[in-house]
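Asks: Each chain, letter by letter, is given below.
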Amino acid sequence: MAVELTERAISRIRELAMKRQTPDHVFRLGIRGGGCSGLSYYVDFAPAAAEKDKVFNFGPDDGKVTVVVDRKSYLFLNGIVVDWKTELMKTGFEFINPLAKTSCSCGESFTV
Amino acid sequence: MANIGIDLGTTNSLVAVVMNGRARCLLDDAGASMLPSAVRYEADGSVVVGRAARDEAPRHPHRTFTSVKRFMGRAPADCQADAALFRVKMDPTEARFVRFLVEGHAPVTPVEVSAEVLKLLRARAVECLFGEPGGAVITVPAYFDDAQRQATKDAARLAGLEVLRLLNEPTAAAIAYGLDKRGGGTFAVYDLGGGTFDISILKLDDGVFQVLSTAGDTHLGGDDFDRALAELAAGGADAAAKLDDGAFRGLVASARAAKHQLSEHGAATVATAGGDVKVSLDAFEASILPILERTGASCRRALADAGLTAAQVDAVVLVGGSTRVPLVRRHVATLFGREPYCDLDPDEVVALGAAMQADILSGNSQLADDMLLLDVIPLSLGLEVMGGVTEKFIPRCSTIPVNAHQTFTTHVDNQTVVDLHVVQGDRELASQNRSLARFELRGLPPLPAGVPRVRVEFTVDADGLLHVAAKEEHTGIEAKIDVKPSYGLSEEDIERMLEDAIDHAETDVDERLLIDARVEAEGILAAIHKALATDSGMLVGNEAEVIQEVATALQASMTTTERERISALSKKLDEVSAPFAQRRIERDLTLALSGRDADEVGAQMGLR
Amino acid sequence: MASHRSVCFSCREPVQAPSCVGCGALQPPPASPDPFVLFGLPHRYHIDAADLDVRYRTIARATHPDRFVSRPAVERRMALQWTAALNEARRVLKDDRTRARWLATGRSAPRESGGPALDPAFLAEIFEWRERDEDEPGVMRELATASRQKLFRKIETEFSEWEGGSGTLDHIEDHLNRLTYVEGLLRSHPEA
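Residue numbers (the numbering used here), protein chains in the order written: chain A, 33 to 144; chain B, 14 to 621; chain C, 10 to 201.
Any given hint might turn out to be false.
Unchecked claim - Derived DSSO-like pairs (lysine-lysine); straight-line CA-CA distance at most 30 Å:
hint, chain 1, residue 1, chain 2, residue 2
1, A, Lys86, A, Lys96
2, A, Lys104, B, Lys291
3, C, Lys103, B, Lys585
4, B, Lys585, A, Lys104
5, B, Lys194, C, Lys159
6, B, Lys484, C, Lys159
7, A, Lys51, B, Lys543
8, B, Lys584, A, Lys104
9, A, Lys104, A, Lys117
10, A, Lys117, A, Lys86
Treat the hints as calculated values from the structure; they're not laboratory data. Predicted model only: the values in this text are computed from it and were never measured.
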């Protein structure tokens with residue numbers, strides 16, 4: 033298993049990298065624990081992958097999107113599908129996680 | 014939460030942020046860093062901001078606002094000329110501050126219009142940073158007075174931004190150019206933007222930036238070039254004045270587009286009502302020379318104030334899109350006897366510097382964190398005394414923050430109230446200066462004239478904003494001061510606007526934050542209850558009681574609208590339960606890492 | 010740096026610097042308005058301007074409000090007070106006139122708010138300058154310029170003697186009041 037991105041998510045990440053003027057940065061996907069609020073997904077750009085990161089590449093070489101996940105987070109994210117949704121009520125990255133037992137209504141945090 | 018830097022410009026506005034030690038402007042969908050500072054109000058209550066609003070302005074002249082920065086913090090009486098120049102209609106029933114009449118819409122203030130521009134920039138930051146920015150450094154012309162700075166801060170607040178610091182634009186430019194990396198020196202920053210001209214003389218010494226002097230003109234810039242060119246094409250200023258508002262705006266827009274071609278091709282065509290008119294570069298340069306000569310006068314004044322000659326300036330920095338005009342560069346080179354710096358994009362340089370300062374203020378910057386900015390106030394602060402004369406108490410170019418006090422007394426026996434009028438400016442007569450505020454000192458003891466000693470203390474903070482406090486020295490009575498801002502908005506005005514915004518817009522900051530806070534609190538409470546139900550065995554000491562106590566308080570607070578209390582309690586619950594949560598996660602990870610693969614752990618955890 | 014307060018307002022430990030070494034909390038600026046004390050300088054007219062700048066920067070770095078953006082409100086307020094006091098003290102020390110007046114009178118501004126008191130002999134002299142200027146335009150400027158130089162020399166000499174242990178500062182205030190008047194005259198009669 034691995035980490036999957038939908039086409040919409042790939043083009044969204046590419047667009048954000050353009051707007052931030054950071055085309056060479058990698059897209060970091062991870063989880064963070066916030067006290068007892070469960071675990072929540074975390075996305076950001078980073079200048080480069082860290083040593084023990086899992087690295088996934090998407091898209092053609094000239095418009096490549098690199099996603100990195102740290103080792104601890106990967107335990108919880110293996111098999112995840114990341115999508116980009118633009119709907120009236122919610123615009124943002126959506127995470128479909130086969131490991132999550134319950135997700136909150138906004139889809140941004142989950143418990144295992 | 015990264016801090017952001019915002020250049021709230023007369024013509025264009027930008028937002029920038031430091032990412033991994035480098036400042037970058039954030040771009041829009043089309044890849045442009047500049048957001049035209051243009052706002053259109055639609056009849057249905059919606060608002061169009063940016064390029065569309067600017068480009069369609071000729072079709073909606075009475076619903077579109079551009080160059081609004083010129084009206085920020087100013088009194089209607091002082092804005093008549095600008096209102097005529099920019100063809101906007103001010104509400105004649107409002108004498109305290111400027112309010113624009115909008116066709117098919119309630120009147121709006123320059124602060125509200127600016128807030129729309131800032132909201133869009135904030136949204137751009139939220140998108141690119143995956144969350145709300147921490148705080149913002151917003152730049153203002155060095156020449157802005159107290160009321161104008163206050164209005165800028167009000168606009169930011171209305172847009173839901175926390176202002177960390179108002180920063181003078183030329184100072185931001187110097188930071189962007191990395192002049193702080195030099196050992197030291199004296200620099201001139203020549204900033205010719207769309208609507209304002211500033212010249213600042215900065216001194217750098219051992220990592221401390223100091224503004225030695227500033228001068229400028231809040232009514233001089235590229236807009237004047239556009240107008241000069243428009244009038245040239247229309248066949249003179251008189252002919253241009255006869256055009257109706259829509260046609261005039263169209264002509265100026267056409268002139269603006271032609272200006273960019275002029276420098277490159279030596280000639281350009283301006284579309285006028287009477288057909289296309291060809292204008293040569295020579296004619297254009299001749300028409301703008303008087304404007305440039307006015308900048309020269311300001312430069313000489315700034316140098317004189319700093320006690321320097323042009324030859325003592327080590328470097329000259331160009332800022333503002335108008336400095337792309339080749340004649341401007343030649344003019345500056347002649348003024349200072351040296352070629353100016355223009356390596357960075359003159360449109361972006363101020364926003365980049367603001368972002369760098371915002372990063373430094375975060376306290377965990379990778380940039381030079383030993384750097385310190387010391388600004389000066391651009392105009393003297395004084396009080397109107399007997400005879401309508403200005404008595405200066407803080408002279409122009411004083412390094413801020415600065416503190417001064419004056420002792421006053423009464424003119425007639427048994428006087429219990431003293432009127433004080435604070436003005437900003439360097440003219441002798443108070444009426445010729447900018448009126449900032451009128452204070453009433455009430456409750457003085459009834460004593461013979463000349464006996465009471467009222468000590469009034471004035472403090473200008475690091476943003477250049479004035480604060481006043483007063484005390485009668487004999488009795489120790491702290492006289493009550495009512496601040497009545499002569500211009501700009503009072504605290505109540507701002508509150509009212511925020512309330513109006515809540516009533517009218519779903520996107521309003523406060524309401525949205527309250528909803529966010531409640532949602533967050535619900536999530537935390539649900540997770541806590543679940544964790545307590547499954548893993549109460551992992552609790553130690555009095556953890557159970559502490560967690561329960563905070564959870565109960567949070568539950569109770571959620572029925573109120575006290576957003577900050579809800580957030581604070583959520584945070585507290587998160588904190589007090591953190592060790593418990595940490596133990597649960599550690600246990601899960603220990604299980605995961607003790608030989609079984611992730612799928613199995615996931616399945617195991619999913620089952621629990 | 011001057012010692013100005015003995016106990017930290019926050020943790021009650023003794024302090025000598027602007028910030029408490031124990032808890033890092035910024036302390037209030039000294040209550041005394043003495044600019045020399047604030048910069049830790051002896052009471053002397055002859056000061057090293059470069060040294061003053063270094064002292065200013067050192068304290069400003071430790072006390073400027075920009076350094077306290079994320080600290081509690083009480084410390085932010087103190088940072089404002091500190092830097093305001095520092096800026097005022099530097100202004101007084103930087104200028105020969107205000108520094109001299111402070112040493113001689115303990116104030117940086119003249120006593121009278123309506124302008125300093127001047128002796129009649131001096132005013133008579135000025136009156137004579139004005140009369141001569143009507144016959145010979147420009148003479149007043151020359152006389153005033155010479156008078157300004159003379160006053161600065163007197164101030165300089167008297168302070169040197171005082172710093173050497175002899176002489177008094179009794180006449181300094183009078184020299185400064187005359188200087189204020191002469192310089193005002195020069196400003197209101199710019200070179201033709």
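Asks: Check whether the Cα positions of A:Lys104 and B:Lys291 lie no farther apart than 30 Å.
Replies: 67 Å, violated
Asks: Quick one, are A:Lys117 and A:Lys86 close enough, alpha carbons at most 30 Å?
Replies: 25 Å, holds
Asks: Next pair to validate is B:Lys585 with A:Lys104; report whether the Cα-Cα distance is within 30 Å.
Replies: Roughly 26 Å between the alpha carbons, so the hint for B:Lys585 and A:Lys104 holds.
Asks: Is it true that the CA of A:Lys86 sits at most 30 Å from the CA of A:Lys96?
Replies: The given pair, whose Cα atoms are some 16 Å apart, holds under the 30 Å limit.
Asks: Take the C-alpha atoms of A:Lys51 and B:Lys543, compute the straight-line distance between them, and say whether it is at most 30 Å.
Replies: Judged against 30 Å, a Cα distance of about 41 Å means the pair is violated.
Asks: Check whether the Cα positions of B:Lys484 and C:Lys159 lie no farther apart than 30 Å.
Replies: 42 Å, violated
Asks: Are the Cα atoms of C:Lys103 and B:Lys585 separated by 30 Å or less?
Replies: 51 Å, violated
Asks: For the pair supplied as a hint, B:Lys194 and C:Lys159, confirm whether the alpha-carbon distance does not exceed 30 Å.
Replies: Status violated; Cα separation ~44 Å.
Asks: Given the hinted pair B:Lys584 and A:Lys104, is their alpha-carbon gap at most 30 Å?
Replies: Holds, at roughly 24 Å.
Asks: Given the hint that A:Lys104 pairs with A:Lys117, does the C-alpha gap stay at or below 30 Å?
Replies: Roughly 27 Å separates the two Cα atoms, so the pair holds.
Going through the hint list in order, the structure does not satisfy hints 2, 3, 5, 6, 7.
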